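Line by line, the protein sequences are chains A and B.
Under my numbering, the first residue of the first sequence carries the number 122, and numbering increases by one thereafter.
Under my numbering, the first residue of the second sequence carries the number 61, and numbering increases by one thereafter.
Take these hints with a grain of salt, some might be off.
Here are the computed lysine to any residue pairs in the SDA-like style, where the Cα-Cα straight-line distance is at most 25 Å [unchecked claim]:
#: 1; chain 1: B; residue 1: LYS128; chain 2: B; residue 2: GLY90
#: 2; chain 1: A; residue 1: LYS187; chain 2: B; residue 2: ASP188
#: 3; chain 1: A; residue 1: LYS152; chain 2: B; residue 2: PRO215
#: 4; chain 1: B; residue 1: LYS213; chain 2: A; residue 2: LEU151
#: 5; chain 1: B; residue 1: LYS200; chain 2: B; residue 2: MET253
#: 6; chain 1: A; residue 1: LYS218; chain 2: A; residue 2: ASP319
#: 7; chain 1: A; residue 1: LYS187; chain 2: B; residue 2: LYS259
#: 8; chain 1: A; residue 1: LYS180; chain 2: B; residue 2: ASP184
#: 9; chain 1: B; residue 1: LYS172; chain 2: B; residue 2: GLU158
#: 10; chain 1: A; residue 1: LYS152; chain 2: B; residue 2: ASP188
#: 11; chain 1: A; residue 1: LYS152; chain 2: B; residue 2: LYS172
#: 12; chain 1: A; residue 1: LYS218; chain 2: A; residue 2: ARG193
#: 13; chain 1: A; residue 1: LYS205; chain 2: A; residue 2: TRP138
#: 14; chain 1: B; residue 1: LYS128; chain 2: B; residue 2: LYS220
#: 15; chain 1: A; residue 1: LYS175; chain 2: B; residue 2: THR192
#: 16; chain 1: A; residue 1: LYS187; chain 2: B; residue 2: ILE118
Rather than coming from a laboratory, the hints here were simulated on the basis of the structure.
Because the structure is a prediction, the values reported are computed rather than measured.
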Amino acid sequence: MSRLMSEEGIRIDGRRWNELRPVRIEVGVLKNADGSSYIEFGKNKIVVAVYGPKEVHPKHMALPDKSILRCRYHMLPFSVEERKNPAPSRREIEISKITREALEPALILEDYPRTVIDVFIEVLQSDGGSRCAGITAASVALADAGINMRDLVAACAAGKVGGRIVLDINDEEDKMGEADMPVAYLPNLKQVSLLQLDGKLTADEYRECLNLAINGCMKVYNMQREALMKKYFSTKDEEGGSVED
Amino acid sequence: MIVKRYVLPGDLIVEGNPHIKPLANVIKIGDRLHSTRIGIVEVSQNGVKVIPLSGIYIPRVGDLVIGKIIDYSALAWEVDINSCFLGHLPAQDVFGKEFTPGRDDLTKRFDKGDVIACRILNFDRTRDPLLTVADKDLGKISEGELVKIGPTKVPRLIGKRGSMIQMIEHLTRCRIVVGQNGVLVVTGADKDMRDVAVKAIKMVEEGAHTMNLTERVKEMLQGVQVGR
Chain A
122 MSRLMSEEGI
132 RIDGRRWNEL
142 RPVRIEVGVL
152 KNADGSSYIE
162 FGKNKIVVAV
172 YGPKEVHPKH
182 MALPDKSILR
192 CRYHMLPFSV
202 EERKNPAPSR
212 REIEISKITR
222 EALEPALILE
232 DYPRTVIDVF
242 IEVLQSDGGS
252 RCAGITAASV
262 ALADAGINMR
272 DLVAACAAGK
282 VGGRIVLDIN
292 DEEDKMGEAD
302 MPVAYLPNLK
312 QVSLLQLDGK
322 LTADEYRECL
332 NLAINGCMKV
342 YNMQREALMK
352 KYFSTKDEEG
362 GSVED
Chain B
61 MIVKRYVLPG
71 DLIVEGNPHI
81 KPLANVIKIG
91 DRLHSTRIGI
101 VEVSQNGVKV
111 IPLSGIYIPR
121 VGDLVIGKII
131 DYSALAWEVD
141 INSCFLGHLP
151 AQDVFGKEFT
161 PGRDDLTKRF
171 DKGDVIACRI
181 LNFDRTRDPL
191 LTVADKDLGK
201 ISEGELVKIG
211 PTKVPRLIGK
221 RGSMIQMIEH
231 LTRCRIVVGQ
241 NGVLVVTGAD
251 KDMRDVAVKA
261 IKMVEEGAHT
271 MNLTERVKEM
281 LQGVQVGR
């Protein structure tokens, strides 16, 4: 057996093949943002801020029939071992793009024509799977901002490590493992909005990996729900007059 | 019968009942109705809607809003109405049909930075909301404390048939103009009472979701009165 997977099937950080790292999500952490969230996904620590819908500047960028979604995934210089140059790297530009494309199917952008929605994902500390954690947190922040959504987006990776298909790859497994497959999933609509694969899998392994990642997404989705419910409904009691138009 | 339930975006509300219509913040996907916001479901005879608990102000025709003049051209003012759309107030609405851009100076009526109470005359998302000040109680607001609250908290501040806002007005002897966009103006002779009214408004905003809020605000206001 390889260093990443013991004889008993225990992974390098002590997890079993189908276990997620510890996840903690908080909603509404930034006062000045319209919506915000903070996620700890294993060693990942990420803050997400959502601003908008708001007017587009420059005005010629506005679309007449729907809102523009702008995403920025950014790693802070101290988020990795060696100082990272704060300028957007090739990798960050790619992740910004796939984040936008993972979130877009969930948002009803047609409800806000001629406006823009800005999503800022700042990675304070990074571990493997930060794009999934970023998408998960961004979806929670968008819901917090009160933007019309068809569904939340939950994201989780699966991959192949030490010859086995495992859930939620961490940094070491990502670097030394055989395959990494991040997946973003719309749980109620049962749609996949992000699917990347880095490595080699057979057709059977691919199917197993995708199913495992979707199972992981459902677990993440439950944590997103819990976090939102905690912020909005934990102390809430119904009152007749509270919501009268 | 009215049934209430808490929902998040994407949550299934009803499945397979073609007689229930989707109203505000509810979408139909196939034969299923899903919520699009964090909020409370309200099922009534007309259909099902979700009352949102977060979000920005989206103008609706007929709403009274309080806005700030941020710019003007030869023909119209641009008004910040605390929304993602800028309000558009045509000069003709103020000067009348005989308005001539060369003769009438827009700044004589409203200048940049002026706060106005206005009503949404027309809006359909394809163009900026059209405003009007041609009604009683509309127009320039020259004095008072400007307070901003979350637009989704406005119905709570007004309360059942205006019970909450009337109670605050009565006990603080202030007048409160509530814009549906979450901007309020508190006017009153006594500075201390105005501050108390602002405090009460903030209290309602923070506790919008809690029970017996009217009672607690009343207690607070009466406590202040006794202390004076």
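Hint-by-hint comparison with the structure:
Only pairs whose Cα atoms come within 25 Å are accepted, and B:LYS128 paired with B:GLY90 is rejected, the gap being roughly 43 Å. About 14 Å separates the Cα atoms of A:LYS187 and B:ASP188, which keeps this hinted pair within 25 Å; it holds. Of the pairs offered as hints, the one joining A:LYS152 and B:PRO215 holds, with about 22 Å between alpha carbons and a cut-off of 25 Å not exceeded. Taken as a hint, the B:LYS213 and A:LEU151 pair is honoured in the structure, with Cα atoms around 19 Å apart against an allowance of 25 Å.
The hinted pair formed by B:LYS200 and B:MET253 meets the criterion: a straight-line CA distance of about 23 Å does not exceed 25 Å. Distance restraint check for A:LYS218 and A:ASP319: the Cα-Cα separation of roughly 17 Å lies within the 25 Å cut-off, and the hinted pair is therefore satisfied. For the given pair, A:LYS187 sits about 39 Å from B:LYS259 by alpha-carbon distance, which is inconsistent with the 25 Å threshold. Distance restraint check for A:LYS180 and B:ASP184: the Cα-Cα separation of roughly 19 Å lies within the 25 Å cut-off, and the hinted pair is therefore satisfied.
Taking the CA atoms of B:LYS172 and B:GLU158, the gap is about 23 Å. The hint holds against a cut of 25 Å. Between A:LYS152 and B:ASP188 the CA atoms are separated by roughly 28 Å; this puts the pair beyond 25 Å, and the hint is violated. A distance of roughly 28 Å separates the Cα atoms of A:LYS152 and B:LYS172; the hinted pair therefore is violated under the 25 Å criterion. The suggested pairing of A:LYS218 with A:ARG193 holds, with an alpha-carbon distance near 8 Å, which does not exceed 25 Å.
Among the hinted pairs, A:LYS205 with A:TRP138 is inconsistent with the structure: their alpha-carbon atoms are about 31 Å apart, more than 25 Å. A C-alpha spacing of about 29 Å is found between B:LYS128 and B:LYS220, which places the hinted pair above 25 Å, so the restraint is violated. Taking the CA atoms of A:LYS175 and B:THR192, the gap is near 23 Å; set against the 25 Å cutoff, the hint holds. Under the criterion of a C-alpha separation no larger than 25 Å, the hint pairing A:LYS187 with B:ILE118 is consistent with the structure, at around 14 Å.
In summary, the structure is inconsistent with hints 1, 7, 10, 11, 13, 14 from the numbered list given earlier, while agreeing with the others.
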